[in-house]
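Trainee: Residue numbers (the working numbering), protein chains in the order written: chain A, 1 to 296; chain B, 1 to 296; chain C, 1 to 296; chain D, 1 to 296.
Each pair may be met inside one copy or between any two copies, as identical chains are not told apart.
As a list, the in silico DSS-like pairs of lysine-lysine whose alpha-carbon atoms are at most 30 Å apart: (1) K191 / K274; (2) K119 / K207; (3) K213 / K141; (4) K138 / K264; (5) K211 / K141; (6) K130 / K211; (7) K191 / K264; (8) K120 / K213; (9) K216 / K82; (10) K189 / K264; (11) K82 / K141; (12) K119 / K283; (13) K213 / K82; (14) K207 / K141.
Simulated from the structure, these hints should not be mistaken for laboratory data.
4 protein chains.
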Amino acid sequence: MEINGVQIDDTFAEAFPIKIARVLITAISEHWALEAAREATGFGTSVIGCPAESGIECIASASETPDGRPGVYIQICNMGYKSLEGSLIWRIGQCVLTAPTTAVFNGLPEAEKQFDTGKKQSFFGDGYQKQMDYLGRKFWKIPIMSGEFMIEETIGAVDGIAGGNFYILADNQAAALTAAEVAVDEIRKQKGTITPFPGGVVASGSKVGSKYKFLKASTNAAFCPSLREEGTCTLPEEIKSGYEIVINGISREAIEQSMRAGIKAACTVPGVVKITAANFGGKLGPHQFKLHEILK
Amino acid sequence: MEINGVQIDDTFAEAFPIKIARVLITAISEHWALEAAREATGFGTSVIGCPAESGIECIASASETPDGRPGVYIQICNMGYKSLEGSLIWRIGQCVLTAPTTAVFNGLPEAEKQFDTGKKQSFFGDGYQKQMDYLGRKFWKIPIMSGEFMIEETIGAVDGIAGGNFYILADNQAAALTAAEVAVDEIRKQKGTITPFPGGVVASGSKVGSKYKFLKASTNAAFCPSLREEGTCTLPEEIKSGYEIVINGISREAIEQSMRAGIKAACTVPGVVKITAANFGGKLGPHQFKLHEILK
Amino acid sequence: MEINGVQIDDTFAEAFPIKIARVLITAISEHWALEAAREATGFGTSVIGCPAESGIECIASASETPDGRPGVYIQICNMGYKSLEGSLIWRIGQCVLTAPTTAVFNGLPEAEKQFDTGKKQSFFGDGYQKQMDYLGRKFWKIPIMSGEFMIEETIGAVDGIAGGNFYILADNQAAALTAAEVAVDEIRKQKGTITPFPGGVVASGSKVGSKYKFLKASTNAAFCPSLREEGTCTLPEEIKSGYEIVINGISREAIEQSMRAGIKAACTVPGVVKITAANFGGKLGPHQFKLHEILK
Amino acid sequence: MEINGVQIDDTFAEAFPIKIARVLITAISEHWALEAAREATGFGTSVIGCPAESGIECIASASETPDGRPGVYIQICNMGYKSLEGSLIWRIGQCVLTAPTTAVFNGLPEAEKQFDTGKKQSFFGDGYQKQMDYLGRKFWKIPIMSGEFMIEETIGAVDGIAGGNFYILADNQAAALTAAEVAVDEIRKQKGTITPFPGGVVASGSKVGSKYKFLKASTNAAFCPSLREEGTCTLPEEIKSGYEIVINGISREAIEQSMRAGIKAACTVPGVVKITAANFGGKLGPHQFKLHEILK
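Extracted from the complex, chain A is given alone in its bound form (with noise of 0.2 Å):
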């Protein structure tokens, strides 16, 4: 299969079951709900070193949202409901209550799986907290230096997946990373998937173990094109660099869709010669995405 004269592999990403949150942040202006979301969601690429996986879903228009204003959804991940409450308490407490004019929203109100993080927020109004119907919604009005804060009561979430991703891999290192830029770029237009690692792309793509048994990831030494000469690199000899994406999201569509339009979009930049992904056995989880179906 092929694409703008970039190849497919007919192969699969593998992937794994994630809880995920859903958030929906607004603000004054669109700057300031993206300062609050990156805080939020920053050191969070992977829950092998980072408290969560997190990353910026996309943009909300103010036509879009409850209360009328700029907004922007973030997710926040982790592998059991009770890890990811606690991400949920301390990632909005420390980086969205404190951040200016921002106000939270439930992204996930008919998610079965509800969090109370709204009511335990409202503890540090010191006793200034109300609980008042807004926009047809049960929300915490916190009074703070700069105004009020306003917290949906409840946060929902739902079993979701993580690790979605492709390869894009070229003839040399700026195409593969202008592709990767490309690609990012059009999947933070899609709803329901993030990308959580730096600007959305891996740089270091990683198999499942290592020799060291402290290590439970490490380098993806068949993917590292300067290991060809001592021939442990397998990939063709015309790939120089290579990019991974790797997505989040609350569903399986929801995934399909961002790599169909993120592989499309890479597929664009001239010097990707290749487009392909990674999996390790069932090692890493039981879901997979073929790639030649999401994209036939």
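Using the hints, position chains B, C and D against chain A.
Mentor: Just chains B, C and D now, kept in the frame of chain A:
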């Protein structure tokens, strides 16, 4: 004391000791150095609920960096050297090693305290990592999918100061927020300090302690304009909104310089009425930054 | 009429006919499409003193563009088709052909009026240009240093409308400005319109004519809060600052939609007191946009 | 000569005399100073087809500007002082006076040549303008809807140089483009120069003249890699793409410094093969910038 008609309170900011590591991240472009820096310093506003305090110090132009590439200085702070070392390892390993085209340089090579963070990161290379001299320093070269990741063997840290602060109080919220943005933009041009909160700004300035025993900090009710009617707010009538700028730094002088630059810039914004600072009778810490001394 | 407590005046915006060409610029990344768009539409606020009115309409995601690359729609406006053709040729030739990785698509392929701008640009190829079919359309391929520049043979234009407007009046300058920013961010998400002034905002709303014969427009003194003491300003006492949003568009409906979206977004900003619009007894033009009808 | 393994050709950039006015725009925030600067310097790549050459020189921090607010230096260039005066009046009047919260300062107060641009702009005040001393300089205060616009009475200009240049040639397009971006980012940190093309980069480097009599400039066919097969392209086989950086500046030294900084930064990008410069046997102009002398 007045600047541009803005009253400067005769008071001081109370601050506390913290351990600070400083890292220079370079990348193929300023854009990518900033993406890595944002991910590595996110979820890092306050040690009350974040695993570290962290932030972007300043941009380093290509001519200032050892490898001649654009760069960004970041700081990572924690209460003790042991917790700081853990923060360094994970934030660099998960957020900088994984970011496209980055290299990591020791931002405090003269410091007495040096962590062997680079050496520890190098195990990600799964045996393919190599120690080498690079630009006159000791580095590790780790093969990754997109090329090679260079990291200096050690990262330095010092006894720094956290919680330097000033409050911008205005007769309307938009003016207070604009002044906060302007102050932070100016502080980000100074060396040696960070403003760890979202976009550099604290919307919900807190006091030490709470009526709820399980809370270490709660809303600074005396500074909440929405609590004026019930007599809790002690701010002058004309003040309708306020933002706090919190500053951490590697030295007393650096914090003083950033407070000076930030306050002066904030005082150019119409609607700003007063600059003050927060102190807690020594409950927060031993350091004092007197506004009138800094600004004289 | 009120929105969020903001008074909407029962008045109308007066606007005038203009000719509008619409161009889709695609590039290797959204970043570079935007750089080209900004250069091509700069120095384009008003035909009073600029060689054209021009602006960025909206971002086009990769999935929406003919070549599958990220894009930006721009509009270029002038009083007659002859002057518009000149503006198109020079702005595309000097600012888009010269911009990295761009391609130019006809943004109004269905319009009756079509300029052969692509054909005229092709002479830059100095004999090496080639006409070709591309994505089902007629294009010119011009060899350039960085690769090849693709431009559609014709660019369409229509009878549009200029000067659609609304005024955001607030009890302080920072609120008025923030509301203007928010309105423009929202309008830039709509199709079919541009806000040609700097950052989309007019700081110095004008009236038609002046006491100086050589000036076609001068400060709208009746709306200048700093002229209140001498009795010239007729604004209510509580209004301290105002910004105007000027909107050009390819249809009456597009301008109405952008006015609606922009006004609603502006009314979410605390400190905004009133929305009004400018009209000049028909001296500016025949089109009228009644606020209450648009917002009902 | 080599830098980082990149060959530096033993050649020179040919440049020509131009008149340059320099303006400092300050605003309530860096964001708004930049918006004004972008609008005022747009459609300003080359005097061949634009009404002026213009660009952003550098950011001025709040501590560097006379009014203590964030600022941006811009340059506006034209072939003679008369045409330059017209460019100044219209670009400032239409794009800076109209931009939110701006003030205009003379960027060359020591220059012999001074235009009374501020005085001429003041008529927009329709009789309400006032001359006044401001920060030790002579200013005009013009009442506008959003407040008051301050503009210095005179703007200085000097005999400058246009067309300083270097070419970045790479073995792939993405690398050439990334290197161009990096070079421009670095040049924008220097004082005294601008890079007037879109995002600072020329994608379609031109030669003087054409086979078509009506064209003053046409594609530099000898540098077009896509014309290699027919023997027109004289570039070495490994070069697949190139970008030109054009630099205007108020002095020879300023241009040399920016060429030096830009070239060094470009040479850090993998895939860059060669740096050269364009000259035309004196047909373009009398100034010569020898690469080896500048870089030694």
